[in-house]
Amino acid sequence: MNYSDFFQMIPEASLVAILIILFVADFVSANTEERKWFNPLACVLMLVNTIVCLLPMEAVTAFGGMYVTSTAVNVMKAILSLGTFIVVLQSRVWAAKSGKEGEFYMLIVSTLLGMNMMMSAGNFLMFFLGLEMASVPMACAIAFDKYRNNSAEAAAKFIITATFSSGVMLYGISFIYAAYGTMYFSDIAASLQATPLTVMGLVFFFSGLGFKISLVPFHFWTADTYQGAPTTVTGYLSVISKGAAAFTLLSILFHVFGGMIAYWHVLMMIVIALSITIANLFAIRQSELKRFMAFSSISQAGYIMLATLGNDWNTSIASLSYYVLIYVVANMAVFTIISVVEQNNGGKTEISDYDGFYKTNPRLSFLMTLAMFSLGGIPPFAGMFSKFFVFMAGVKGADITTTEGAWIYGILFVALINTVISLYYYLQIVKAMYINHSDNPMPTFKSDCNTKFALAICTTGIVLFGVCSFVYEWIAAAV
Amino acid sequence: MFDYAFLILLLPFLSAIVLGLAGMKMPRPVAGFIGTTMLGVLFAMSLYTAYHYFFYTGEYTAMGQTFNVVDGRLASGVYPTVTVFNITWLKFSEFLTFNIGFRLSPISVMMLVVITTISFMVHIYSFGYMAERDEKYKFEEYEHGFQRFYAYLSMFTMSMLGLVVATNVFQMYLFWELVGVCSYLLIGFYYPKHTAVHASKKAFIVTRFADLFFLIGILFFSFYVGTFNYDLSADPSLVGKLTAVATNPNTAWVIPTALFLMFIGGAGKSAMFPLHIWLPDAMEGPTPVSALIHAATMVVAGVFQVASMFPIYIKFGAVEQLHWIAYIAAFTAFYAAAVACCQRDIKRGLAFSTISQIAYMLVALGVCFAIENEEGGLGYMASMFHLFTHAMFKALLFLCSGAIIVIIGSNFKEYMGGLHKYMPITNACFLIGCIAISGVWPFAGFFSKDEIVSACFQFSPALGWFMTLVSGMTAFYMFRLYYVIFWGKSYYEEDPENRRKPQEVPFVMWGPLVFLAIISIFAGWIPFGHFVSATGQSAEIHLQHFHFSSVAWFSLLAAAIGISLATWMYMPKNNPVADMLAKRMPVMHKAALNRFYIDNVWQFFTHKVVFRFFSIPIAWFDRQVIDGTFNFLAWGTQEAGESIRPWQSGDVRHYAIWFITGTVALTLVILCLI
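Listed in order, the protein sequences are those of chains A and B. Residues in the first sequence are numbered from -9 upward in steps of one, following my numbering. Residues in the second sequence are numbered from 2 upward in steps of one, following my numbering.
Worth flagging that the hints you see were computed from the coordinates, not collected in a lab. Beta carbons: idealized from backbone N, C-alpha and C, even for Gly. It cannot be assumed that every hint is accurate.
Calculated pairs, DSBU-like style, for lysine-lysine (alpha carbon to alpha carbon, straight line, at most 30 Å) [claimed, not checked]:
1) Lys26(B) <-> Lys442(A)
2) Lys421(A) <-> Lys442(A)
3) Lys574(B) <-> Lys502(B)
4) Lys386(A) <-> Lys92(B)
5) Lys421(A) <-> Lys139(B)
6) Lys436(A) <-> Lys26(B)
7) Lys349(A) <-> Lys26(B)
8) Lys386(A) <-> Lys242(B)
To give an idea of the chain B side of the interface with chain A (calculated C-beta under 10 Å), a few residues [claimed, not checked]:
9) Phe99
10) His199
11) Val509
12) Phe631
13) Leu634
14) Ala635
15) Thr638
16) Glu643
17) Ser650
18) Tyr656
19) Thr668
Generate the whole structure from the sequences, applying the supplied hints.
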């Protein structure tokens, strides 16, 4: 083993360094007075990490092909690191109240580390280790409010279903190993054949990642877990975890199962249509905001995966990365607002609690509206552009005169119809805030400066990432 | 060398943002001061740019291209087309990209100067105009919405500058729409007034309707030609693409059609008949706005557009379309001049005069049939020249009328009369404007207008005589306006006890007037053909060397007749001849007063034809079919949502069952494909 390979894992090394610094800082700061510096420290570290990820890095292969990166992976790592930075930024008050900031930040960072490993794996074993490395701290984070029943229940459901899905996925990986005698992505891709064994391996493996991305029919845990978990963790779960898994799935589909594109296109078509439609049907009926956002995130996952319907790796990965970036800013804006409202009003998260919110907190309502518009894909906000680009990636190479091409266009049409439906429920929130009358709306409150800063970043993203085309151009050029 | 050029777009944009977002928090004069200072900087930058563009000797690079110029000209004797920057904003396909850029060509540099000069003057002038005054005309405070006014003005300036430096037709369209929005906002500036709101809506809808054709034209053009670029000298591949389209018999129709559709958009903005109906009503906006937008800059966007496309018109088989433009414009010029002879509202009179003068410019473009200056391309230079001089003296006239309105408090001629005693400076400036627009030597209008008439004679003598007639009418209606305002029966003197005594406006208002008046006197002596001509080569304007042709003598004669007629009819205290004519020909007079009922024709057309035969069926379709579909969708969604509710039971065992069932089912489906 060549130890110098460690030096090539810069983003991971940076995260490990952060973990160690946080650990030591946690160790030496005993009282509340000293802990005041904890959140700024974590923020600065995550910001540094984001900048590190943005540095131009070569594509590397290390440890005999176990660890493989490409420029696309580096872009995604930077996006996820930015998302984590926003999560850390907005979590200050909540984490300080819990008195266990150290644990929380370490859990979050180790999850990110696991995801980074998963995204840059070159081998199924490495991939699986990365996945689990992300899962276990995630479950801990979900159970962070451990004396609150909901949180514990959410974590239990998450860990049980995650274990179950891991089992199914391992089963699928074992099929693949049985068929090809290797776990290396490149070796499998070289000798890939569409045998029934491979197909079973593919679908079983897919279900494991489908669970992470919460695609229908692997999504059932999502609503319960999102609702029960602390809001900050839900935010993290809904964007970072999902983005990493979606990226990995696309990457493996193209790079390992590239020879079976016709088969997994069918698979993805079914799952996308189901995810978008069924999630929308559920979302319409939700009265609890976090649960509502859970279904919204399932439907968004379906949109993200539209990128897999293309046959051009560069377009697909660029549009997926861009979608995740926009989704990070829009969803984090929503969850930041939910979180700050929850903290200032004794845990109110029902949609009806937001009646008349505009009268008392006009600025937050306005930002929430922008985020909802972006999620619903209303121009000129970034969400419209991200949807446009995944649609574009989806039809790339699709020829409407062939059966498959016609199906792809059909799926895009279904997605389009669902955009209209999704608009309805996103606007429900806006309606509650602006139009619905309430006798005692939530009192006016002031949010802390960290939250304000996080919201400022998110809003900038929502407003500018779409119209400033160089954001997409940059991603497309970088991948 | 022009690296700073992005600031020309960025500064007004920033000022609009700052004034728009934070304006209400700052004191009114501060907001105005910020806007005006910024415009002053822009004005200086434009002059600097123009100076360097036209007179630089040496070498400079822009976008990787090196230009070796002597006195601004390349070795081939033409001014270079300098693309300062060109950023890809949206990529439609490999070849078709939407760029935002900044391009300097002779006409865009000229427009930069025109826009910033007038805009700067208007910014200063508005300090005096947009103010509340007491009985003695003493300044009390700046008007409500002063900050908003300056924010809009900045926004408009940015949009107009973006339009004239556009590197492609899509960018032009984008800024085209932006100036439309700014115009809408400024016409409706006094939004509590119903008439202002109606006028702003009318302007927006009419121009927007015309812009639809512009967009369709752009779509045709880009679909077949495969690019949004229109500048032949900036994009060497464009000639090949256009030739391919023009020579293919199946697509030969594309370029003329697309260009004419684009012109319809231009006709909307430039108020050509029958789309002129919005411009007179647009006078509901504050008068400085009328001067800036509805006289000098935005309304000539259509002329600018045709001029930008001019080489394509000539070289790729659209000369006939160019001549259609000339006929439409010639009719408009006559029609508007006829209406202008009878208006009671001085601003509306000026508005019709503007329509007539813009039509002049379009006639000049339309009568061209070749690129060469002396063999059929003279009109291009003449048109741009007139655009330049007209912008100056028409802005001057509007600002004068604004000064009068501030003092009189009304737009109607009945409340004026005899003002020359009370407002000497305004009187002099207005008179200079009138002489300039009438085409009297040696004022600005004489040179530019006579170039236009000469170009018309080159094309067809009939059109030449016609335009000479219209220029006589111009002199008549302008001097009529002048006399009814400044001479004749004085409204104040009829009852001096109870009526306010008029007086001269403050310096902040007459300063810009004097500045523009000086330009109006001398602008004709600019060797304009040296800078702007169809070929790009230097062209002589013979009039400037006292080579008066017979055309010029006839024009002068027409102007003299018009002025004398106006003097005879309107100079005395009572206007017996005018009253008698009005009584003798009541039908004609009433028709002219009502703008020959064109507004009513549109009213009839929209209400009785469009609404009844299109809107009502479409409304039905919308309510029944489209809404029905969506209601069905909503109902179906609700029902389906209700019925699948039990799936999400909260029981983890069920989740596992669904999970494994789903996996197996998917596996089976895929296995079936093998």
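The hints, checked one at a time:
1. Lys26(B) <-> Lys442(A): Holds. Lys26(B) to Lys442(A) sits at ~22 Å (cutoff 30 Å).
2. Lys421(A) <-> Lys442(A): Cα-Cα ~23 Å, so holds.
3. Lys574(B) <-> Lys502(B): Measuring from Cα to Cα gives roughly 19 Å; hence the hint holds.
4. Lys386(A) <-> Lys92(B): 15 Å, holds
5. Lys421(A) <-> Lys139(B): 50 Å, violated
6. Lys436(A) <-> Lys26(B): 21 Å, holds
7. Lys349(A) <-> Lys26(B): Holds, because 21 Å separates the two Cα atoms, which is no more than 30 Å.
8. Lys386(A) <-> Lys242(B): Cα-Cα ~26 Å, so holds.
9. Phe99: Because about 9 Å separates Phe99(B) from the closest Cβ in chain A, which is inside the 10 Å limit, the hint holds.
10. His199: It is violated, given that the least Cβ distance between His199(B) and chain A is near 29 Å, above 10 Å.
11. Val509: With a closest approach of 38 Å, the Val509(B) hint is violated.
12. Phe631: 7 Å, holds
13. Leu634: Holds, about 7 Å.
14. Ala635: Status holds, d = 7 Å.
15. Thr638: Holds, because the Cβ-Cβ distance from Thr638(B) to chain A comes to roughly 6 Å (cut-off 10 Å).
16. Glu643: Cβ of Glu643(B) sits 7 Å from chain A, so the hint holds.
17. Ser650: This interface hint holds because 9 Å falls under the 10 Å limit.
18. Tyr656: 4 Å, holds
19. Thr668: 4 Å, holds
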